[in-house]
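Since the structure of chain A is already known, use the hints to place chains B and C on it.
Protein chains in written order, with my numbering: chain A, 9 to 427; chain B, 2 to 317; chain C, 364 to 625.
You can trust all of the hints, since none of them are fake.
Pairs of lysine-lysine residues, derived as BS3-like cross-links and limited to a Cα-Cα distance of at most 27 Å, are as follows:
1. A:K143 to A:K155
2. A:K143 to C:K625
3. A:K196 to A:K143
4. C:K625 to C:K567
5. A:K380 to A:K405
6. A:K320 to B:K3
7. B:K189 to A:K320
8. A:K196 to A:K221
9. C:K565 to A:K143
10. C:K625 to C:K565
11. A:K143 to A:K405
12. A:K196 to A:K405
Simulated from the structure, these hints should not be mistaken for laboratory data.
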Amino acid sequence: MTLRIDHVTKSFGATRAVDDVSLEIEAGEIVGLVGENGAGKTTLMRIVAAELAADAGTINVAPPPSAARTAGGGGATSIGFVHQHFMLVNDFTIAENLALATGALPREAEGIIAGSGIELRGVTRRARDLSVGEKSKLELIKAIARKPEVLILDEPTSVLTPYESDELFRVMRNIASEGTAVVFISHKVREVIEVATRVVVMRRGRVVVESAKMTAEELAAAMVDTPRGDFAPVTETRTGEIVAIVGVAGNGQRELADTYLREHPRARLGFIPEDRTRDGLVAEMSIAENVALVGDGRRTPQLIEQYSIRAKGPDQLAGALSGGNQQKVILARELDRAPELIVAAEPTRGLDIEATRFVHEQLRRAANRGAKIVLITSDLDEAFALADAIQVIYRGKLSERMTPGEASSRVAALMAGVA
Amino acid sequence: MKRALAAVAVSIALLWIVGIASGHADLLRVLVTGSIGSTFAIEGTLLKSVPLLLTGLAVVIAFRAGVWNIGGEGQFIAGALAAFVAAPLGTIVAIVASILAGALWASIASLMRAWRNAPEVLTTILLNFIGIELLGYCVNGPLQEASGKYPQSEAVAASLPQLGEIHAGVALALIAAIASWFLIYRTKEGLRLRATGFNPSAAHYAGINVNAQIARGMAISGGVAGLAGGIELLGVTHRLFERFAAGYGYSGIAVALLAQLHPLATIGAAAFFGALVTGAGELQRAANVSSSVATLGQAVVILVLILFGSMRSRTS
Amino acid sequence: MIELAIIATVPLLLAVEGELIVQRAGMINLGIEGMMLTAAMTTVLFGFFGGLAGALLIAVLFGVFAIRLRADQIVTGTAINLFALGVTGFAYREWNDRLAGAVPHVDSSAIAVAAWIVIPIALALMLWRTRFGLRLRACGENPEAVRASGYSVTMLRWSALIIEALLVGTAGAELARTGFAENMSAGRGYIALSIVIFGRWKVKGVLLGSALFGAAAVLQYALQAASRGVQFHLLLAVPYVVTLLILCGIAGRVRAPEALGK
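So that you can see chain A by itself, here it is in the shape it has in the complex:
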């Protein structure tokens, strides 16, 4: 059996998430699909699992799948996908969750678990009382029990202890040897090297490297676009500074940003949240009202001009603006108060080149005027272009401060946790 991905492309608006990817995966392989956040790994796999439709290209599983997913549930499914976020019923026991997913009876749960090769005791425990690792195992058992031909695991070890990870790898090898094709999405270099029979590296929606033999360092370097040269100019009379915190998404950046929010009075802090639609602006209110939430709404006309915000006026609803202009509004209202400390999380995410340049310029100016800027970003280009100092965040811990020069050779390894 083979899983064939043929010239698949998928865009979300202007962003090419998956760019003409072709891949063949055989039964019995364990493919490690590796890349930074935003590289397109999860999107590609979601297309394979038919959760998303591709814009172009085809997915083929040959020989044809044994049974499609029917409304009755529990039938043999050819593609199993274990997601990163749990889809468990908290109030149900392990047995009941399994029963729901497989159509079996709760009392058959222990048998199902035994058949999976994964250890999970106490089937009468409720899902909410399980540890994160156990929940992860339960999701895995759910997927395996349906005997898929292709099993996709999205960052399965992110919440497991080393012991549990080892157990997982054993299971993966077992399943693979029984004829399933396993795809293991991860950004953890060491683990991928350990268990994968083949490694596929994605970057910006494309497959950049495919190999059966790579060292950890080679893999880490391939994952990451390390910039060469091009550092921030040693600044003239900068009284403030920009510290870039770089890292793969999901290593504690949110918590770090929230810490700043908690420890400083909001009025003295400039805060640019990572998710501008959910946490930044209130789409149903006008630009002026959004500005007024944090600063002086009356200055909105000046701000619109100053920041070249393309809008019909201060009374236009914030939700009607483009992403770039929304970000400008947030930037404007935060910087206008000239705070001493600014936390900017992924400030140029989803912005085009022109808007990105604008944001960088504003941040530079603020630093020149004396602000300390904490720039949390997963975009290394950005970090190296702006920062006076760089730190890497990995599993919630910050590395030491480095100059851009020092960082350029070390950052890839630090981000992958290999250093």
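Just chains B and C, lined up with the frame of chain A:
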């Protein structure tokens, strides 16, 4: 606005059809004359609209903060009880007491939400029942009239100034509507309230204490509902009795929806429903057609508004 | 007197049982008040099965709005109550003679036995021992997980509504045994909601709750008759206060179905 008018039109059309189908061809005509066809009718409509405006306003305010206040019944009663007890100290004190009592009653639900995550949808309904029993206890017991014949209180010790048949509560209600509009749309507090209602996450990141904001919104909402109770007591009934609240709290939901959650529009919405109720009363007197047609009219308005997508579930 | 209490509480109990299923499936149906009222009226007009039909009609109305159109369940439920109140009130005055008389139908004690014994057992078995019940409960906790397992949340919720309609229809029929009167459900629907919470969404709990509320109601009449004064109102308030406390988790941990109302 269009949706509201469409809902009203459908409601009227349905009532007309019901009238014809049941052999009361003049149903609609009697509704109209009974509600605005004479000075007496207009006065009745005005008086009936006042509590509806205020309970509707209460629902609107809470909704702007992102919460369901279905506790209007209980807050209405709390306000009336407080007004009764405070009446010996004067009308103004009684009115203030009604507002405070309503705010307090609503805050019980807020506290439970903040303290133990108890959903207001459920706690406010329960508080309604408790309020109703409290009222029943009072008018059968400590507050019962001296003769002890009926389950009602003595005449209240104060009352609202009147101009003919119309009491000052009409002015108070209008002021409340305008004040609410001003608060919600022209003040920083209102801005924060709306932000919290639209997007609690963004509000949090803008530095707003979401829980405290919601609690304040609920308190104001409860205060307005309490005011409704106080006005009804001091201006219309002058006594407390069982079934004093008689569905005003729930009707407030209909008013709020017809007003499309806009504070000033509650004036028009309340006027419509007030007219409906008054006209239906006349219908019952003159033509022996159940005044329940007013309730039917209310229901149709809500259903049509839902149909037009006015009320997608806030939590979905 | 106990016998009286047992039979008098039947409509309330049936409504509670119906609402339990529906809430377990994740919906709040405030409209049971209207459902019961409508069923009472249609029973008098068309017999026992007419009563069931009336309740089903209301259930369909609720389902179309709350499930199909995804409208807010609270608003929908309120609108339905008002609708039923309006229609039945109007009809009562129009057809007073037809509606006021007694209507014998299914034997009262048979229904009582069903309500107090048969249905609770069936309900408990269904919800906790069948695949259908498992999926239903999952709808009330995490509809996403249900969909991911390949089942239709829509179909499951409709099923719950239909079962509720049959139960509440019977309740209405039982109420209308001696004829229809305006607004005769008298808030039982809203009380049923409280009892479901009081019973912590479990069969044993709602049985107990119904018994308590029912006893309190009967006691109320007794006290009122003996004019033992005013305490009965306070007595009636106690169950609600207790329910409030339960919601605050005071009397042990309480978990509403996670997806309730969503």
